[in-house]
Amino acid sequence: MPATSTISLSKAEKSYIQTGILSDPPFRADGRSLRAYRSVELETGVALLANGSARVSIGREGINSGGGTEVIAASKLEVEDLNEDGVEGGRIVCTVSCSPAAYPHLTSNALDELQEDISTILHQTLAHHSLHPNNLGILPGKKSWLLHLDLIVLSDAGNVFDAIFMSARAALWDTRVPRTRRITYRARKDHAEGQYHIDADENFSGFDTRRLAKATDFELSDYWDEGEVLDGRERWPVCVTLNVISQTHYLDATLQEEAATLLRLLLVYSFPPNSPPSLCGMRLVGGEDSALPDIKDFIKEGEQYAQELFISLDAKLREEDLRRKQKAYTKFARSR
Amino acid sequence: MEVLNADGYRSDGRRQFELRSITIDLAQHGAADGTATIVHGLTKVFVSVLGPREAKLRSLTIHDRANVNVEVNVAAFSSGERRKRAKSDKRVLEMASAIKSTFETIIQTNLYPRSQIDIYIQIIEQDGGLLQACINGTTLALICAGIPLVDFACAVTCGVYANSPILDLTTLEENDIPNMTLAMLPKTGSVNLTAMESRLHVDRFGDLFEVALGAGRVIHEEMKLAILAKSRMLVAEMKTIGWGEKDLVD
Chain C
1 MPATSTISLS KAEKSYIQTG ILSDPPFRAD GRSLRAYRSV ELETGVALLA NGSARVSIGR
61 EGINSGGGTE VIAASKLEVE DLNEDGVEGG RIVCTVSCSP AAYPHLTSNA LDELQEDIST
121 ILHQTLAHHS LHPNNLGILP GKKSWLLHLD LIVLSDAGNV FDAIFMSARA ALWDTRVPRT
181 RRITYRARKD HAEGQYHIDA DENFSGFDTR RLAKATDFEL SDYWDEGEVL DGRERWPVCV
241 TLNVISQTHY LDATLQEEAA TLLRLLLVYS FPPNSPPSLC GMRLVGGEDS ALPDIKDFIK
301 EGEQYAQELF ISLDAKLREE DLRRKQKAYT KFARSR
Chain R
1 MEVLNADGYR SDGRRQFELR SITIDLAQHG AADGTATIVH GLTKVFVSVL GPREAKLRSL
61 TIHDRANVNV EVNVAAFSSG ERRKRAKSDK RVLEMASAIK STFETIIQTN LYPRSQIDIY
121 IQIIEQDGGL LQACINGTTL ALICAGIPLV DFACAVTCGV YANSPILDLT TLEENDIPNM
181 TLAMLPKTGS VNLTAMESRL HVDRFGDLFE VALGAGRVIH EEMKLAILAK SRMLVAEMKT
241 IGWGEKDLVD
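Protein chains in written order, with UniProt numbering: chain C, 1 to 336; chain R, 1 to 250.
This is chain R alone, in the form it adopts within the complex:
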């Protein structure tokens, strides 16, 4: 398959560095403390966060910080071919553990000793960039749940096709070219996850890394806009029940 044609267009009509459209919905759902639905093109992920709360199992509590529990569920109808993935499926567990290790460093877990923060991820549609969507969605859901974070985690997938880096891959592209997922913290500019399952020439890595960092910043802007819109709405609601400006902490 030709991933990038001579005119610089990809199979879905995007340019090399063009991201897919991002839609973020932070509406409250069910009994969760914070929920977020994030859509990257045709990938759609629904994340709910519960906690900090008492752990279901006493043995899971850690005496000086909160335990972060991540569970990923893949809807059977999410992919092109119907496939039921069990909760104990290796790929699902691997993704959950990557997400867990990303967020353990970002959540200020030391503020909540002996408690548990549950992150439940439901994958509704998948078309490439699954880990990226999960991480971005989880950041947003954690913020909605009011859990103190050190920084956003903004993830993006990138690959390399014939010496040129390509951003935000679809399944077609993911299957075809070497790719990696990178999660960056925009404030500090540090990176806390790089995941790669294919082989990539070391000379290409530098370019790819730079491009991905830039894309992370763009995604951060989008996420910030969504969070600000949500906060403005909440502030407006608070004003209607008699909270003034002076009651609000900046």
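For reference, chain C alone in the conformation it holds in the complex:
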């Protein structure tokens, strides 16, 4: 169970924040309404050696001012043998690590626990078979891709889960799977019947590769755009965290607000094209409980927020795609 807060706050401060949120009209320290997010920045292609990467920050006030939650996500593909750890059709492993600079008050043990908690939530959601992309296989029955998604929390100013899911979605969106070509070794006809006919029939040897049929290996085809995108990349989910104080909920809590809130509800939604949205993850975090009818309302309203978040994230990702494609293309043209 992730800790509800990583900082300590006095009782007076907590009650001040709670009263502000429960009052009518609600009042928050930064003047936002209950449903408003801080500004979100996103950039893809930040790690050059990765197959796909993104950097997301929530609530940074400007280029030169601090504050805000910052997450870097990067995916890396590795070839796996199905005889060893590999799974037919490939697999996805997500790991989150937290920089000690993001949590200056935590000891290294507490930090390890925290990153373990966050990793579990992310991995369980993203590695689910309903979201699995179809193009992670290389050679059926022999080789497949292993997609490592690594995230680093560089700083935490509240609402880290939303930032993590956003950056994960952006990095996966940005991921390019190298194109592969199957190679088949085939003995030439004239050879098989010509000079090699001596041990052709009954003396079957395991070393005789001429008898092995079908594709045995693959090669990478070289092309300027680094491969094709992950299949079904529109499906990757977004997360909205509903912070609950009695029956009221609010979005995008700052670190102080998180410390003053006893219950958080993480809702992870996927919006596949041409089909209804699906709830692919849900978690209650914190020491409070909530009535079942309330939870139902939260889920309904959460879908609305997630939809809005999804639409703006999608627009930004497509814009980034265009920008990067242009950049890659001009670079390629220049090298010619």
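None of the hints are false.
Straight line, CA to CA, 16 Å or less: simulated EDC-like cross-link-like pairs of lysine to aspartate or glutamate:
(1) R:Lys87 to C:Asp112
(2) R:Lys87 to R:Glu71
(3) R:Lys87 to C:Glu116
(4) R:Lys84 to C:Glu78
If you are wondering where the hints come from, they were derived from the structure by calculation, not from laboratory data. No experiment lies behind these values; they were computed from the predicted model shown.
Use these hints to put chain R onto chain C, whose structure you have.
Positioned in the frame of chain C, the structure of chain R alone reads:
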């Protein structure tokens, strides 16, 4: 591999003494007191400094000076092959201790007794010259955090290929030729770190050393420019809220 071809070019098209492009970003990040992102070619390091502050563990305090704590994190996606290095990995610990011993002599720790200065280094991309990037980044982050230093520490990697010294190596070159990392203090011209993991003929060392000292000065100029730009920006900001020239100490 041919590190330096007959025309005097290296595998990435640089000359023998040419450094890779350096990009420095001193923008504030998160809750840290000072942060710096430094890019040497394809090596990218993000350093945050917190402190001086109360130590997390009482046992870590030293009665007459500040304790310098260095933690290095290597991103799993930073290298060509994905590799997760644990915090207790020997190579990572060794690098952290080299950085710690470099900066313990430069930071005026005696000004902050019984406190701790935390240096957190996050390696985002690596392509050779890792220690060099970490040291340069840490110098910049410490300056941004306003921690008094005796001098800059400017580090550079150099190697020797067939009698000719080569500066600022990439991973390819690092794997191939004997190399060392040197950190120099430009004001005094002294050196407070030389790290070498390979064998080098003693006759070559002198040349290499001279070349590295010169390169350290060049890197110092770059770092100074970045710091000055940042300070100018801060001064401009201060003026907008009514601070005049006379309030500023030269």
